[in-house]
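In the order they appear, the protein sequences are chains F and V.
Residue numbering for the first sequence follows the numbering used here, beginning at 1 and increasing consecutively.
Residue numbering for the second sequence follows the numbering used here, beginning at 1 and increasing consecutively.
It cannot be assumed that every hint is accurate.
Given that identical chains are not distinguished, each listed pair holds provided it fits within a single copy or across any two copies.
Stated by the list, open to error - Below 27 Å or equal to it, Euclidean Cα-Cα: the simulated DSS-like pairs (lysine-lysine) are:
no.: 1; residue 1: K286; residue 2: K315
no.: 2; residue 1: K19; residue 2: K286
no.: 3; residue 1: K200; residue 2: K37
no.: 4; residue 1: K266; residue 2: K200
no.: 5; residue 1: K200; residue 2: K286
By construction, these hints were calculated from the structure, which means they are not laboratory data.
This one's a predicted model, so the numbers in the text were calculated from it and none came from an experiment.
Protein chains: 2
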Amino acid sequence: LGFEHLFEGCEMRRVVRFKPSRKRAEEIEVAVVGLGKIGVETASLIWRRDGLRLVGLVDTSPALLGRDLAELAGLERPTGVRVVSSIDLLDRTPEVAVLTTTSSFESIHPTLRRLVSMGINVVSSSEEMIYPWLSSPELAEDIDRLCREMGVVAYGTGVNPGFVMDRLPAFLAGACQEIRSVEVIRVVDASTRRRALQAKIGSGLTVEEFEALVASGRIGHVGLVESAAYLADRLGLDVVEIEEELKPVVSDRRVRTEFFDVPPGKVIGIRQTAVGRDGTGEEVVKLRLEMFLDAESPRDEIRIRGVPDLDVEIKGGTPGDQATAAILVNAIPLVMSMEPGLRA
Amino acid sequence: LGFEHLFEGCEMRRVVRFKPSRKRAEEIEVAVVGLGKIGVETASLIWRRDGLRLVGLVDTSPALLGRDLAELAGLERPTGVRVVSSIDLLDRTPEVAVLTTTSSFESIHPTLRRLVSMGINVVSSSEEMIYPWLSSPELAEDIDRLCREMGVVAYGTGVNPGFVMDRLPAFLAGACQEIRSVEVIRVVDASTRRRALQAKIGSGLTVEEFEALVASGRIGHVGLVESAAYLADRLGLDVVEIEEELKPVVSDRRVRTEFFDVPPGKVIGIRQTAVGRDGTGEEVVKLRLEMFLDAESPRDEIRIRGVPDLDVEIKGGTPGDQATAAILVNAIPLVMSMEPGLRA
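Looking at chain F on its own, in the form it has when it is part of the complex (with noise of 0.2 Å):
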């Protein structure tokens, strides 16, 4: 290092050589199961990411069997790896399996329980996993209990829940004394995302098959109560109960995407929210999520009141799929130097 001080006129300048301190780690070695659009981004991000090296694919599909990477992916050369159908085929046990099949916790479980029994920590994108004590205490316990065991870290990210609206908002509140409440307001402009979000949200419905879909679960987002639960744990909030409320939201006039045309009275999204409140009713987590079809002003806000207040705003807000797959291979050298468990 060396330090170079040059005077002129009334500024003060110096040029300061730079190298970094500290030497890269080995490469960690990473599997992807599941290859899903998720998944086989990050895989691809993976392969090329330095650090990281991709020692499996894995895939229960049968479609999926023995294709390279480079064909999911659409990259220009062969990778040389290959789908598998099960993590017990490949050459080398990983060190790190980024787990991208489904959102819930329990269905994972097996999965989860499988990989952390061979000894290898698990990132994932189950949108449960960020706070699993919520939909499944005692999975999550046995979950913990065998990393511990096994020396090794599960943890569930993402772009949200895992950033937006629960991780990035309590690191912010770490320049916070006291905190009374948090709010999130997270806005996607629907229509310029794929067509599985454009129906996830239930582009195109009439009100009555989006309620039938609610109903059974199978609309919304996953994942917004255990982002309020994180927040209320994290930041030690009195939270005694979250509400969580899907609304559609219903269009006024016709709406054409790339891949929808929805008529006036049709849905076009959802709005959806999770309320945490304390003992005495006050609302202490504050969660909004809405994503529809030409929504305007999209933009990620977060606002604290303590000590002292803080409001950030994320301009556009922060873009979804590009960020999970960043997100996803950017926790894999953090879950290296994480204590054993399954870590929120």
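Position chain V against the provided structure of chain F, taking the given hints into account.
Just chain V now, with coordinates in the frame of chain F:
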């Protein structure tokens, strides 16, 4: 945990009873070393914060010796915690010391060494300690080695450096697949701040007086190059040099505050930049700190260019004085869970 699902009209509502999953840890015993403004505010916050126990106050100033925290902080009732002149005189060895003496890593090194060798974890507001490998690589290595030997952590933090221009942008960058550049702009309206800060930025000086203070290193913000180095290192940006500039902001009209009355043509504050360039001369880290009287639009802005881009604004900016004490105190449980060493 109980779940209750209610359907009403076209909306879905459910109420989840909530109980945080994990018990609070035992109280952490903490001492504060250095009882300037930040030290006193930090000690007060520790005093009233659940989960922490203030077990000592240390300052070498004879004027403070024997004083109760209540006197120093204007609390209503005595705390029973009184200032002693040395860490060796405390009744109990704390688990964590908050070290709030000076900005320079070299000057805190002896105290830091003493604390670490007693097996005490250290959180410090020393500006250079956010990235001490830059100013004092040998001393940093020494402390890192000693920390590992003793199984404790030494960690520098604060609002800036420590949050706005380094750890927060790095946290946000966790949502990016690739990062080309990071820019942070912090504008502080110094008119709203305490006298010491208004003086520190040169309010009321002539340009010549300002220059002389710059030359002797007695003016300007300490830690900007450290923030740039931190970002470069943490985000793996190929920075080979960091250039820092400090210029006075000169008023074109009379500016009055509670403490200063500055005629036109004199200094009302600073504009300080640190730019990290890669081998090709590309500016990959750009930090700009403006602190002057009557600054318009105070704010913190973070602009990440990569995949995806992120544009974040903290409206009005992070309030410095309140946030600094908060960040120091919130770091206390954090360091207890970190791996031993000097951590950045």
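Right, here's what the structure says about each hint:
no.	hint	result
1	K286 <-> K315	both (20 Å within a copy, 19 Å between copies)
2	K19 <-> K286	between (44 Å within a copy, 17 Å between copies)
3	K200 <-> K37	within (14 Å within a copy, 53 Å between copies)
4	K266 <-> K200	within (15 Å within a copy, 61 Å between copies)
5	K200 <-> K286	within (23 Å within a copy, 40 Å between copies)
No hint from the list above goes unmet by this structure.
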